[in-house]
Amino acid sequence: MFKHLLKLIWNRKKTNGLLIFEFCISFLVLFAVLSVIFYNGANYFKPLGFDYENVWVLSMSTTDFEWKESESYKDIVDRIELIKNELKNYSEIESITVCRNVPFEFGSYNTRLTYNDKKVRTSVIYADQSYKNVMNFKIIQGEWLSNADFSKNRIPIVINKAFKEEVFGGGIAIGEKFTTKSEKEYIVRGVIDEFRIGSEFSSSDNLIIRLNPLTEIEERPGDRILIKMKDEIDIAFQSQMMKKLSPIGQDWILDLDSLDKLRIRTRELILIPLIAMSIICGFLLINVSLGLFGVLWYNISKRIPEIGLRRSLGATKEDIYIQIVSETAILTGFGITIGLFFAIQFPLLDVFDSVENIIYIYSICVSIGIILIISIICAIYPSKLASKIQPAIALHNE
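Note that my numbering has the sequence shown beginning at 49, numbered continuously upward.
I should point out that these hints are in silico values taken from the structure, not numbers from a laboratory. Heads up, a few of these hints could be off.
[To be verified] What follows is a set of in silico ranges between Cβ atoms, one per label pair, in the way DEER data are often shown: (1) I328 to N201: 47 to 57 angstroms; (2) I296 to G155: 53 to 63 angstroms; (3) D401 to D308: 28 to 38 angstroms.
[Claimed, not checked] Here are the simulated DSS-like pairs of lysine-lysine, each with C-alpha atoms no more than 30 angstroms apart in a straight line: (4) K232 to K278; (5) K122 to K132; (6) K291 to K132; (7) K122 to K292; (8) K94 to K276.
Ideal placement from N, C-alpha and C gives every residue a C-beta, glycine not left out.
Please construct the entire structure, taking both the sequences and the accompanying hints into account.
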């Protein structure tokens with residue numbers, strides 16, 4: 049039966065070749081879209097690892113932060129200290145910290161560290177020792193950073209769980225040392241749990257938090273102040289606080305925003321393209337379905353004499369029905385097999401480091417299921433029409 053169906057498919061290889069190509073492209077597009085959706089969905093349900101509620105970001109924008117003279121840095125640091133002192137006067141504020149980068153911003157600092165001749169790529173957060181009080185993340189090994197442990201050439205850091213697992217596996221990371229291009233030495237003081245600073249959809253990539261105290265004016269000072277509020281604040285309080293801070297900032301541009309709003313904006317920026325991709329993929333599948341339905345209908349009209357002859361030779365309605373559906377399933381299988389050859393290259397070659405192989409496997413399985421279901425559904429009605437063709441009428445028309 050299978051060999052016979054293959055012969056029938058080969059006899060109409062031009063038409064069937066186009067169908068196989070459609071199935072292949074549809075499978076690959078669906079695989080790509082589902083991989084992106086599953087990847088982002090899996091990340092969304094992971095814990096961020098820090099608190100963002102009632103945390104506000106005070107951004108300080110000025111070209112001064114690009115200057116390299118230590119004297120200019122000192123002026124900047126003095127002004128930041130004045131802003132910090134003013135913020136400490138508010139009873140509504142629980143704690144504050146100065147840092148260079150904050151969560152839910154697409155920009156990030158990256159570096160390469162060397163450990164036993166092994167290069168490790170990682171994101172970096174530059175923060176002071178109050179950072180933990182504001183972000184409230186969990187330390188699973190070691191301790192938090194302290195200014196007393198800081199020196200110009202020996203900088204304490206904490207690493208996240210993903211970093212530890214990549215470099216040390218199940219070993220101990222505390223006390224281990226890394227070197228940088230500038231020949232500075234980073235020493236691990238602690239390991240923190242999950243910490244995803246990019247967005248709710250970002251993966252658990254390598255991350256270190258590097259101590260960057262304001263007193264170290266050779267390093268660029270942070271241009272963000274994270275403010276942890278004891279409770280929600282209203283617009284009146286925000287306005288009052290900014291009026292107090294503006295004279296201190298002088299020519300600086302000060303902007304106050306909440307981490308929760310940044311989180312929502314980042315989520316929308318990521319979801320919009322995902323939704324657009326899903327809609328485009330949906331239209332593609334609809335077009336393929338309509339095209340397949342039309343081709344099957346047309347083929348059956350061309351094969352009325354063949355079907356009538358089969359019926360006259362003893363084929364039942366069920367035999368004709370099964371034949372048409374089986375032909376469609378085989379064509380679909382050929383298209384999926386070709387597409388599968390390209391799809392499995394992604395996990396085999398590890399094209400995207402942050403995407404786990406299980407994401408590709410789920411995407412492949414679901415894509416195969418969807419394409420097969422669509423093709424069989426499209427074949428059901430034309431197959432029923434073909435099974436109802438009477439031998440006498442078919443042969444009479446011929």
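Evaluated hints:
1. I328 to N201: 47 to 57 angstroms: holds (53 angstroms)
2. I296 to G155: 53 to 63 angstroms: Check failed, 26 angstroms falls outside 53 to 63 angstroms.
3. D401 to D308: 28 to 38 angstroms: holds (30 angstroms)
4. K232 to K278: Violated, at roughly 38 angstroms.
5. K122 to K132: holds (15 angstroms)
6. K291 to K132: Distance of about 15 angstroms is within 30 angstroms: holds.
7. K122 to K292: Answer holds: K122 to K292 is near 22 angstroms, not above 30 angstroms.
8. K94 to K276: holds (23 angstroms)
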